[in-house]
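With the working numbering applied, the sequence shown covers 1 to 203.
Certain hints may be false.
Below, a list of computed lysine to aspartate or glutamate pairs in the DMTMM-like style, where the Cα atoms sit at most 20 Å apart [stated by the list, open to error]:
1. K2 with D84
2. K81 with E107
3. K77 with E12
4. K104 with E195
5. K115 with D84
6. K2 with E98
7. K104 with D84
8. K77 with E107
9. K109 with E38
10. K85 with E98
11. K2 with D141
12. K85 with E72
13. K9 with E72
14. K109 with D141
15. K115 with E72
16. K81 with E98
17. K109 with E12
18. K104 with D141
19. K9 with E107
20. K115 with E32
Restraint-style ranges between C-beta atoms, simulated for each label pair [what the hints assert, rightly or not]:
21. L39 with N82: 39 to 49 Å
22. L96 with L18: 53 to 63 Å
23. R13 with W145: 16 to 26 Å
24. I68 with Q43: 17 to 27 Å
25. I5 with G150: 18 to 28 Å
26. K77 with Q143: 19 to 29 Å
27. T108 with K2: 12 to 22 Å
28. T178 with K77: 15 to 25 Å
29. L96 with C136: 41 to 51 Å
30. R193 with I68: 21 to 31 Å
31. L183 with L18: 19 to 29 Å
Rather than coming from a laboratory, the hints here were simulated on the basis of the structure.
Yeah, the Cβ is synthetic: ideal placement off N, Cα and C, and Gly gets one too.
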Amino acid sequence: MKRTIYMYKGFERIWHWLQAALIILLLLTGFEIHGSYELFGYQGAYVVHIQAAWILLGLLVLALFWHITTGEWRQYKPTLKNLDKMVRCYMVGIFLDEPRPYTKTPETKLNPLQKLSYLGVLLFILPILIISGLACYFYNDLQAWGLSVGFGSLAILHTIGAFLMLIFLVVHVYMTTTGHTPLAYTIAMITGREEVPDDNRVC
């Protein structure tokens with residue numbers, strides 16, 4: 001049996017989808033700037049990339065404030081408990097219809113594997129992208145201040161961060177299909193309401 005619970009607040013859903021759209025736009029324009037294809041044109045891609053980056057940076061600051069003031073930051077506290085079971089669940093268990101190892105509630109939305117992956121984004125991937133991106137944007141100012149950093153090295157670092165973000169995005173999309181139906185988690189992030197088993201056991 002399943003029941004419906006209110007899992008995601010309005011701000012969470014707006015923040016999630018706006019952030020997703022901005023990240024995808026940044027990846028599209030970033031790879032175009034590197035000459036991978038032509039979509040907006042080089043100049044158009046550059047302008048859109050810069051504007052999207054500033055909007056995303058502002059959104060991240062707003063999200064940080066919201067998580068701190070609401071206590072939602074606790075959702076991301078890492079734990080290794082049952083991590084091995086979560087890995088098995090995603091790789092094998094869901095295909096064998098094994099019992100799900102994690103209890104999901106509005107207070108514990110993220111399983112141990114999700115917490116670690118999001119922590120990696122917050123503490124590693126995003127800092128690489130933000131710091132290298134700002135350094136590229138203000139490159140001439142850094143040179144004027146005597147901070148000599150090779151632009152090519154910054155561009156490579158920024159590109160590495162972009163590929164890491166792309167990998168995370170692909171894995172994240174896969175993980176959204178592991179609910180009781182392939183679209184269950186996506187619908188929940190749109191409506192805020194999620195159908196869960198009576199025992200709340202999920203991947």
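Now for the hints, and whether the structure bears them out:
no.: 1; hint: K2 with D84; result: violated, 26 Å
no.: 2; hint: K81 with E107; result: holds, 17 Å
no.: 3; hint: K77 with E12; result: holds, 17 Å
no.: 4; hint: K104 with E195; result: holds, 11 Å
no.: 5; hint: K115 with D84; result: holds, 14 Å
no.: 6; hint: K2 with E98; result: holds, 17 Å
no.: 7; hint: K104 with D84; result: holds, 17 Å
no.: 8; hint: K77 with E107; result: holds, 12 Å
no.: 9; hint: K109 with E38; result: violated, 39 Å
no.: 10; hint: K85 with E98; result: holds, 11 Å
no.: 11; hint: K2 with D141; result: violated, 58 Å
no.: 12; hint: K85 with E72; result: violated, 25 Å
no.: 13; hint: K9 with E72; result: holds, 11 Å
no.: 14; hint: K109 with D141; result: violated, 43 Å
no.: 15; hint: K115 with E72; result: holds, 13 Å
no.: 16; hint: K81 with E98; result: holds, 19 Å
no.: 17; hint: K109 with E12; result: holds, 12 Å
no.: 18; hint: K104 with D141; result: violated, 48 Å
no.: 19; hint: K9 with E107; result: holds, 12 Å
no.: 20; hint: K115 with E32; result: violated, 32 Å
no.: 21; hint: L39 with N82: 39 to 49 Å; result: holds, 43 Å
no.: 22; hint: L96 with L18: 53 to 63 Å; result: violated, 37 Å
no.: 23; hint: R13 with W145: 16 to 26 Å; result: violated, 41 Å
no.: 24; hint: I68 with Q43: 17 to 27 Å; result: violated, 38 Å
no.: 25; hint: I5 with G150: 18 to 28 Å; result: violated, 52 Å
no.: 26; hint: K77 with Q143: 19 to 29 Å; result: violated, 41 Å
no.: 27; hint: T108 with K2: 12 to 22 Å; result: holds, 18 Å
no.: 28; hint: T178 with K77: 15 to 25 Å; result: holds, 22 Å
no.: 29; hint: L96 with C136: 41 to 51 Å; result: holds, 47 Å
no.: 30; hint: R193 with I68: 21 to 31 Å; result: holds, 26 Å
no.: 31; hint: L183 with L18: 19 to 29 Å; result: holds, 20 Å
Hint compliance for this structure: hints 1, 9, 11, 12, 14, 18, 20, 22, 23, 24, 25 and 26 are not met, and every other hint is.
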